[in-house]
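First to last, the sequence lines map onto chains L and R. For what it's worth, my numbering labels the leading residue of the first sequence as 117, then goes sequentially. For what it's worth, my numbering labels the leading residue of the second sequence as 117, then goes sequentially.
Just so you know, these hints were derived from the structure itself, not from any lab. Just so you know, nobody snuck in bad clues.
With beta-carbon atoms standing in for the labels, derived distance ranges:
hint, chain 1, residue 1, chain 2, residue 2, range
1, L, Arg136, R, Ala367, 41 to 49 Å
2, L, Gly238, R, Ala304, 42 to 50 Å
3, L, Ala456, R, Asp335, 53 to 61 Å
4, L, Gln149, R, Gly443, 37 to 45 Å
Each residue gets a CB set at the ideal place from its N, CA and C atoms; glycine is no exception.
Number of protein chains: 2
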Amino acid sequence: MTEETFRPEARAPRGFADKRSPQLRAERRIVEQVSAVYERWGFEPLDTGAFEYADALGKFLPDSDRPNEGVFALQDDDEQWMALRYDLTAPLARFAAQNWETLPKPFRRFAFGPVWRNEKPGPGRFREFIQCDADTVGSARPEADAEIIAMAVEGLEAAGLPRGTAVLRINNRKLLNGLLTSAGVDSAGQKLAVLRAVDKLDRLGEEGVKLLLGEGRLDESGAFTKGAGLKGAAVDRVLAFLAAGKGDRAATLSALSDIVGGSAEGAEGVEDLGRIAAALSALGVGEDRASIEPSIVRGLEYYTGAVYEAELLLETTDEKGQAVRFGSIGGGGRYDDLVARFTGQPVPATGFSFGVSRLAAALKAAGREEATKGRGPVVIIAFDQDHMGEYFAVAAELRAAGIAAEVYLGSSGMRPQMKYADRRMAPAAIILGGDEIAAGTVTIKDLDLGRALAANIEGNEAWRAERPGQQTVPRGELLSRVRAIVDAAG
Amino acid sequence: MTEETFRPEARAPRGFADKRSPQLRAERRIVEQVSAVYERWGFEPLDTGAFEYADALGKFLPDSDRPNEGVFALQDDDEQWMALRYDLTAPLARFAAQNWETLPKPFRRFAFGPVWRNEKPGPGRFREFIQCDADTVGSARPEADAEIIAMAVEGLEAAGLPRGTAVLRINNRKLLNGLLTSAGVDSAGQKLAVLRAVDKLDRLGEEGVKLLLGEGRLDESGAFTKGAGLKGAAVDRVLAFLAAGKGDRAATLSALSDIVGGSAEGAEGVEDLGRIAAALSALGVGEDRASIEPSIVRGLEYYTGAVYEAELLLETTDEKGQAVRFGSIGGGGRYDDLVARFTGQPVPATGFSFGVSRLAAALKAAGREEATKGRGPVVIIAFDQDHMGEYFAVAAELRAAGIAAEVYLGSSGMRPQMKYADRRMAPAAIILGGDEIAAGTVTIKDLDLGRALAANIEGNEAWRAERPGQQTVPRGELLSRVRAIVDAAG
Numbered sequence: 117m118t119e120e121t122f123r124p125e126a127r128a129p130r131g132f133a134d135k136r137s138p139q140l141r142a143e144r145r146i147v148e149q150v151s152a153v154y155e156r157w158g159f160e161p162l163d164t165g166a167f168e169y170a171d172a173l174g175k176f177l178p179d180s181d182r183p184n185e186g187v188f189a190l191q192d193d194d195e196q197w198m199a200l201r202y203d204l205t206a207p208l209a210r211f212a213a214q215n216w217e218t219l220p221k222p223f224r225r226f227a228f229g230p231v232w233r234n235e236k237p238g239p240g241r242f243r244e245f246i247q248c249d250a251d252t253v254g255s256a257r258p259e260a261d262a263e264i265i266a267m268a269v270e271g272l273e274a275a276g277l278p279r280g281t282a283v284l285r286i287n288n289r290k291l292l293n294g295l296l297t298s299a300g301v302d303s304a305g306q307k308l309a310v311l312r313a314v315d316k317l318d319r320l321g322e323e324g325v326k327l328l329l330g331e332g333r334l335d336e337s338g339a340f341t342k343g344a345g346l347k348g349a350a351v352d353r354v355l356a357f358l359a360a361g362k363g364d365r366a367a368t369l370s371a372l373s374d375i376v377g378g379s380a381e382g383a384e385g386v387e388d389l390g391r392i393a394a395a396l397s398a399l400g401v402g403e404d405r406a407s408i409e410p411s412i413v414r415g416l417e418y419y420t421g422a423v424y425e426a427e428l429l430l431e432t433t434d435e436k437g438q439a440v441r442f443g444s445i446g447g448g449g450r451y452d453d454l455v456a457r458f459t460g461q462p463v464p465a466t467g468f469s470f471g472v473s474r475l476a477a478a479l480k481a482a483g484r485e486e487a488t489k490g491r492g493p494v495v496i497i498a499f500d501q502d503h504m505g506e507y508f509a510v511a512a513e514l515r516a517a518g519i520a521a522e523v524y525l526g527s528s529g530m531r532p533q534m535k536y537a538d539r540r541m542a543p544a545a546i547i548l549g550g551d552e553i554a555a556g557t558v559t560i561k562d563l564d565l566g567r568a569l570a571a572n573i574e575g576n577e578a579w580r581a582e583r584p585g586q587q588t589v590p591r592g593e594l595l596s597r598v599r600a601i602v603d604a605a606g
Numbered sequence: 117m118t119e120e121t122f123r124p125e126a127r128a129p130r131g132f133a134d135k136r137s138p139q140l141r142a143e144r145r146i147v148e149q150v151s152a153v154y155e156r157w158g159f160e161p162l163d164t165g166a167f168e169y170a171d172a173l174g175k176f177l178p179d180s181d182r183p184n185e186g187v188f189a190l191q192d193d194d195e196q197w198m199a200l201r202y203d204l205t206a207p208l209a210r211f212a213a214q215n216w217e218t219l220p221k222p223f224r225r226f227a228f229g230p231v232w233r234n235e236k237p238g239p240g241r242f243r244e245f246i247q248c249d250a251d252t253v254g255s256a257r258p259e260a261d262a263e264i265i266a267m268a269v270e271g272l273e274a275a276g277l278p279r280g281t282a283v284l285r286i287n288n289r290k291l292l293n294g295l296l297t298s299a300g301v302d303s304a305g306q307k308l309a310v311l312r313a314v315d316k317l318d319r320l321g322e323e324g325v326k327l328l329l330g331e332g333r334l335d336e337s338g339a340f341t342k343g344a345g346l347k348g349a350a351v352d353r354v355l356a357f358l359a360a361g362k363g364d365r366a367a368t369l370s371a372l373s374d375i376v377g378g379s380a381e382g383a384e385g386v387e388d389l390g391r392i393a394a395a396l397s398a399l400g401v402g403e404d405r406a407s408i409e410p411s412i413v414r415g416l417e418y419y420t421g422a423v424y425e426a427e428l429l430l431e432t433t434d435e436k437g438q439a440v441r442f443g444s445i446g447g448g449g450r451y452d453d454l455v456a457r458f459t460g461q462p463v464p465a466t467g468f469s470f471g472v473s474r475l476a477a478a479l480k481a482a483g484r485e486e487a488t489k490g491r492g493p494v495v496i497i498a499f500d501q502d503h504m505g506e507y508f509a510v511a512a513e514l515r516a517a518g519i520a521a522e523v524y525l526g527s528s529g530m531r532p533q534m535k536y537a538d539r540r541m542a543p544a545a546i547i548l549g550g551d552e553i554a555a556g557t558v559t560i561k562d563l564d565l566g567r568a569l570a571a572n573i574e575g576n577e578a579w580r581a582e583r584p585g586q587q588t589v590p591r592g593e594l595l596s597r598v599r600a601i602v603d604a605a606g
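If we strip away everything but chain L, and leave its shape as in the complex, we get (with noise of 0.2 Å):
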């Protein structure tokens, strides 16, 4: 089998997708809108390489085999292992590390590109995503936390969720710490259980979390989840600190202070909120936009202190038309060891990540797209071929106006150039023929007016006939004709 005659099939590789205009508009703009949020609160924007040592990113020992649990990973010539950035948060920690001595400190810096996961792919599951993070490298202040969050808000509402529509729930893993420490438990296996059974009280409500603390639960199905083995006074305990995220954030501290600040770790939690509370009220960032929730648990191991997770709170429908809940559109905390890996120097960092993509099907889902997404360039019609001149000086005059056009360059005829123009969302077809030509006419079709009506007569005969939203006029009120109808499409 030759090159020659070998024919490919032609398919985008499993789990990747190909994003076109109206996805890539609505990705952008999000981009765009919280990167001028990020530059605002001085941080500045970071680029790193798609690949990464292996070793950087912390799964692998250098002499593994061939590493590809979770990332695309290959050999490069010098035999060292490389892979595809899982997230941007490693990359981060390795350039930091890289470039500590020379970077000024605290470094703040946002960033927006693709991540690969090498994972199973599925519906809706890529293997291929934007993310768009900022961090703070180098400040322990909790007051550092408090502004990611409060930033996180900020550009939240520029990308769409207007105020209300979303809340970060922020909590501390010290809280989460001390509170196991006086509830007695000792053992990673039952810290984990309880950590487990804490980040459930979303889904399963008290009742269940209470049982997946205590012995175990029985779900609907018959299915048994063996439990924590708390016994009933460290249960209490556990769930009283659940509810004390009820209250406003002073309530909730003071309540979560005697619930857990008996021991050290729990009180300094405490304190780190506490701050990190002032800082949200000297931000401007009110109870209904950032709250104290001390069910937050965020699963990634390396966090070390804040955590917070984003979550929409639009209702939004499904495919049905059903009202589904879509949770979780970000998250973030403190990491204080990543950049450690590399020097042995501790270097506390924080920040704050979410999925582009993910936030753009949320708007979307709440049916919060931008209306001006579909819109196509005014489209010439390639009339006669011994007129092409005059259809390009049409095009060239309306892109100097700032109005997007192009001329029809297939080979086909006037029908499917019109419906060329129609599936392109073209707001109007300009049309220049012989007559129109001698005359110093121009025909222009109003395509939207035409879409209008032809979606609300039902027998479009008659309609067709008069030609509605046609008008011919004089070659000179081209542009005005024309940004009038663009102007109306908006």
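Put chain R on the given structure of chain L with help from the hints.
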């Protein structure tokens, strides 16, 4: 060695760059400006995934061993070889073939994003870089080439190259083929040797090319390059062909017609170029912005008709201050066979591509960077932990007014904080000590003024004592005073 004690070295993989603020801003500005132009021409954005199946890239048979010649490839868990895209054309061809039935035709798309080449890295030679492409798929009309050329001209101007600083040079493969036929060249080897010689006109001049067309050429170092072995009359014909580009487009076309019009393919090439020239004139693209240049060859095998190259005319200087020719900053052409690789059906296509980093480097070398690139945020000095709330309120006030601002969040004292503000290129630093707060005032330090004075003052002890550019004003005047400083900084 365990994960705990192993300390990986913090370094980016070879050939992958970390990009910081000035470079990123310059590159993103180019992409934004050019995208706006392409949208105005009716091209829609498209983004494909980072990976393509290796067979779709056209370089490998599916049963070959690990393909790593020039691309980063790996085997998916279903045994299929995937490779990171090495340009944006191959993914477009795959996408167009995959979706041909449902696409509006002609299909006009632009794209930008990273591409990856598995080549030996070196100084200034990266294995990942940003390309920006625009292509029309499904139009065989020479006017489609003209449009791409005119749009490329406008795009480069929008990116920061004023009219007259760059030119698109146009040729047509059919002309070259016609020339080879009429010069009696028939073997593939001789054909390649002639094209290589033609391609060197820029560097070696007519005399050098003449030698390479004939027996061969001895260069200054004493190395001999074997020539194409053409005889006198054939050499003269090729040289006359190359000299034909010295006039304007009409004169060049007429001269070319005389030389290669005798061969059918040559005549077709002249006809195509004539239609391109006519469309360019209709689009208002004059001789100074796009010219016909018979020596343009373009390396890529797949071009089948028009080829074009964007050349920078600006004088640029290298690091040593020496004047250098920057040369080509982009190019493209017609490739009518790429989509057919998948479908078997011919689909004509034409497009233009440029390297964003390379264009940014060209603009930088030509001293055409944006002036505001390094501007940092206003820095609020963290004078006293007890007043952090005040500092955050000031930052929020400035940001709400659209002024980038941050509170210093490290743990250092006054002097390092001022140094930090200076390193961040802050236009101003805000000092709110206990005295200021008690008096209802605020101290504003104009750091740009300080920097300007410091640059002009020899011994700056006196300057330090006087604290130029430092003003203490009523707290209510903070915003207007800071805005005046930021506006002056530009």
